[in-house]
Amino acid sequence: MKLTNLLQIAIRALQRNKLRALLTMLGIIIGVAAVIAMVAIGQGSKQSIQAQLSSMGSNMITVRPYSNVTVGGGARLDQSGLQTLTLNDIKAIQSESKFINEVSPAVSARGQVINGNKNWPTQIMGVSPDYLKIRDWSLKEGVSFNNENIAAAAKVCLVGQTIVNNLFNPGEDPVGKIIRFNKIPFTIIGVLSAKGENAFGSDQDDIILAPYTTVQQRILAIPYIQNIYAASTSESTTDSAVAELTNILRKSHKLKPSDDDDFLIRTMSELINTFSSTSQLLTVLLTAIAAISLVIGGIGIMNIMYVSVTERTKEIGLRMSIGARGIDILMQFLIEAIVISIIGGIIGVLLGIGASQLISIFLKWPTLISVSSIVISFAVCGITGIFFGYYPAVKASRLDPIEALHYE
Amino acid sequence: MTKKILDIQNLKREFKMGEEIVRALKGISFSVDEGEFITIMGASGSGKTTLLNILGCLDKPTEGVYLLDGVNIGKLSRNELAKIRNEKIGFVFQSYNLLPRTSAIENVELPLLYNPAVSKSEREKRALVSLEAVKLSDRKDHLPNQMSGGQQQRVAIARALINHPVMILADEATGNLDTKTSYEIMALIQELNQQGKTIVFVTHEPDIASFSSRTITLRDGRIIRDARNENIRSAKKALAELPVSEEIEG
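If you're matching them up, the sequences are chains A and B in order. Numbered continuously in the working numbering, the first sequence closes out at residue 408. Numbered continuously in the working numbering, the second sequence closes out at residue 250.
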């Protein structure tokens, strides 16, 4: 038996009953479209969360002071009152660490920034030039400050896009202009590229970056530092870097083994993992729901194929009497089931892609159509067709030609 | 010497119905030469249908020998039987058994779809030749429900002819048709017989049997009469002699 003949037989049989074939497909169409759309929503949200977190610097490590002792009546001190992190820690990290590429101290203050008749409340953050690398932040124009600026506690700064928007007229070039932060004049030497809001909704561009020495000495008048930002050599070495950092800081702070850490280390990967696993769960749940509808679609095929075998008993008898073998009948019904599920699959994929596009256009949800979900749902379709078409097909092939011929 | 198409010796067929054994055929022997037109007659329960099923290779005898075109049918598997049906037998049924919503030519092509040796172009060519043989080539794209009973049966005969069978096996092929149309079909079958086709026609109507060259009559699973018909009626003449008032079809 030639496969082309079998295909022709099956397709002609389907053509004789287009409406029923279409109704049978409906289950598969909805199932596949649901899988594609659901996975697209899940993947889309996952990707957008990851992109947001990465924009904050995905291998960034943050260190802040932490009260390890209780004072007075058992109250713990707020971190702003803690002065445990120092520039010595930075030096120790720079000289001893293997897994940390860049490290920057950080001190920050809030205040009013003024340019001419415009003003804006914002935050100034004192950092080292490495901070931009840690945050994976580039300059839109101008240059960054250098180590000489740090040594001189120079009154230079980089401004975020929000500052530019609020202090300057559109089209005005901020580089080279002087602005005042809490009455101290700073020369703008560069403009940071826009980062947008972070995952928690705060505006990352509403910031002024200056040499940490300048902020320490000229604004806050403090010798210690408030935070340490560091970047591990890669995302995968973050855990090793955290362990290493803990050791270096404990040594540098001369903590006894029985003492708790007087600092707290946070990494972005924790956040990324939390968000990813949440959206992963979402994807799994959505996919499960969609897969169930695919199975129901398959059962629909089985149901119709069964009815079809019974209804077409006489046709099967005729085919057998003119020379169809059992295997020919089996293949015919199997191919019918597969053709139904594959055509249903194709329509479903198109519908699923369309639905994802509509969702992202009208609901503004990020969607990402993954090739793997298309391939998988196609494969599942084929398997569904074989699996649910097989039993009715076997039933058809085992009919006795004499009985089938005289079936009414 | 003419070739024997059918050679049947002491054919028996028994069915088990629970505890009981029903003997449908109790030892039948006859042979049919190439080019014969025989009718098999008998009342219901005579074993006629059982014999037909065996002749059509849909069923196998319990005992005895059945040679079709020299092939011993009793020894074949299910799949080999299907191949024999496909290549050596042309079935014509009482209820036509055309596929619904399928054009005449596609219905005629059907047996060749199960024969991998025949190409698509040859299939189409042979289907047209077959339809011409039953004088329906102008209706090749008509669907069964657009044709009269007689036309549908002619499509079925074209389907039976397409595989160049050694025998056309007709089962009450005129049972659903009025007298005039029956005669038209019989005229066609006589014509095919004159072209050399071997025809086995199962019927219970003596009127139909009178068009054949030989009649075998069954009763209770045995042959009670096997007689050559000395006075074969011409279906064409019978058609011409029909009263005009009976002409229902246009």
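It is worth saying that the hints were derived from the structure and are not from the lab. Hints may contain errors.
Derived CB-CB ranges, DEER-like [what the hints assert, rightly or not]:
(1) A:Leu19 to B:Gln146: 14 to 22 Å
(2) B:His164 to A:Leu358: 56 to 64 Å
(3) B:Asn231 to A:Leu7: 47 to 55 Å
(4) A:Ile346 to B:Lys236: 51 to 59 Å
(5) B:Gln146 to A:Leu350: 35 to 43 Å
(6) B:Lys4 to A:Ile346: 52 to 60 Å
(7) B:Lys125 to A:Leu3: 17 to 25 Å
(8) A:Tyr391 to B:Pro100: 43 to 51 Å
(9) B:Ser29 to A:Ile346: 54 to 62 Å
(10) B:Gly196 to A:Tyr391: 45 to 53 Å
(11) B:Gly70 to A:Leu19: 47 to 55 Å
(12) B:Gln146 to A:Leu358: 40 to 48 Å
Cβ coordinates follow ideal geometry from the N, Cα and C atoms, glycine included.
Hint check results:
1. Range check, Leu19 (chain A) to Gln146 (chain B): about 20 Å between beta-carbon atoms, so the 14 to 22 Å window is met.
2. Between His164 (chain B) and Leu358 (chain A) the C-beta distance comes to about 59 Å, which sits within the given range of 56 to 64 Å.
3. Distance hint for Asn231 (chain B) and Leu7 (chain A): a CB-CB separation of about 53 Å, consistent with the stated range 47 to 55 Å.
4. The hinted window of 51 to 59 Å between Ile346 (chain A) and Lys236 (chain B) holds, with their beta carbons roughly 56 Å apart.
5. Taking 35 to 43 Å as the suggested C-beta distance range, the pair Gln146 (chain B) and Leu350 (chain A) conforms, at roughly 36 Å.
6. Taken as a hint, the range 52 to 60 Å holds for the pair Lys4 (chain B) and Ile346 (chain A), whose Cβ atoms sit roughly 56 Å apart.
7. Distance hint check for Lys125 (chain B) and Leu3 (chain A): the Cβ-Cβ separation is about 22 Å, which falls inside the suggested range of 17 to 25 Å.
8. The hinted range of 43 to 51 Å is not satisfied by Tyr391 (chain A) and Pro100 (chain B), whose Cβ atoms lie roughly 25 Å apart.
9. For the hinted restraint 54 to 62 Å between Ser29 (chain B) and Ile346 (chain A), the CB-CB distance of approximately 60 Å keeps it satisfied.
10. A hinted range of 45 to 53 Å holds for the C-beta pair Gly196 (chain B) and Tyr391 (chain A), which are about 47 Å apart.
11. Our hint of 47 to 55 Å for Gly70 (chain B) and Leu19 (chain A) holds, since their Cβ atoms are close to 49 Å apart.
12. Between Gln146 (chain B) and Leu358 (chain A) the beta carbons are some 44 Å apart, a value that agrees with the proposed interval 40 to 48 Å.
Checked against the numbered hints above, the structure violates only hint 8.
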